[in-house]
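Novice: Hey, can you work out the whole structure from these sequences and the hints?
Protein sequences, first through last, are from chains A and B. Going from the first sequence to our numbering is simple: count from 1 and add 2. Going from the second sequence to our numbering is simple: count from 1 and add 843.
It is worth saying that the hints were derived from the structure and are not from the lab. Each hint can be trusted.
Below, in silico cross-link-like pairs of lysine-lysine (DSBU-like), each with a Cα-Cα straight-line distance of 35 angstroms or less: (1) Lys854(B) with Lys44(A); (2) Lys44(A) with Lys905(B); (3) Lys905(B) with Lys73(A); (4) Lys44(A) with Lys921(B); (5) Lys859(B) with Lys100(A); (6) Lys100(A) with Lys921(B); (7) Lys914(B) with Lys44(A); (8) Lys905(B) with Lys100(A); (9) Lys858(B) with Lys44(A); (10) Lys854(B) with Lys100(A); (11) Lys44(A) with Lys859(B); (12) Lys24(A) with Lys59(A); (13) Lys858(B) with Lys100(A); (14) Lys914(B) with Lys100(A); (15) Lys859(B) with Lys905(B).
One side of the interface only, derived from the structure: several residues of chain A facing chain B at Cβ under 8 angstroms: (16) Pro36; (17) Arg45; (18) Pro46; (19) Leu48; (20) Lys100; (21) Thr101.
Every residue, glycine too, gets a C-beta built ideally from N, C-alpha and C.
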Amino acid sequence: GENVEQHPSTLSVQEGDSAVIKCTYSDSASNYFPWYKQELGKRPQLIIDIRSNVGEKKDQRIAVTLNKTAKHFSLHITETQPEDSAVYFCAASPGGFKTIFGAGTRLFVKA
Amino acid sequence: EAGVVQSPRYKIIEKKQPVAFWCNPISGHNTLYWYRQNLGQGPELLIRYENEEAVDDSQLPKDRFSAERLKGVDSTLKIQPAELGDSAVYLCASSLGQPRADTQYFGPGTRLTVL
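Specialist: And the structure:
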């Protein structure tokens, strides 16, 4: 079955710097890759997603890149702000419905 | 439009006691998921429903866990009897469903503490 590895587990950046979180997946059939942000004590919320027919997608300060050949995808946050501090989860979905989540990255943005 | 609703938000029970969680998905969402999230980890799927049919329950510990979605809308997840290791946040999510992968919308979760 699918396995998703996420790195780093913890990331600390200075406000205004960029943050990059990387994930790898094992199942070449995976075709949907969402990223969720979870603030302390709250529900995971989708921040951006990408499908396998696209190599990059951007939404304001957030971008995601996908390399299907290497089976990895990354989240890029530019001009980080303190409110970006949260746990970020990547996920991969093979065939559409069995979404496998990474272990999460705890991002700290220092003011 | 209301999001995914879960209740209760918090539950504290003693081990060996039963507990039940309830979820109401977003209106029109055919697919419903129950996840367990342990502290510091990502959500792990317990069971997935397509309408009222459980199509993936391979990760559900069937000796003590059960779930139902009788009319294809609300769902209940039950644990009987609860064990100390069941302490976690139980998340419900829903999505539109087939024919392709769709965004999952999560509920606020039920934080279960087993003493």
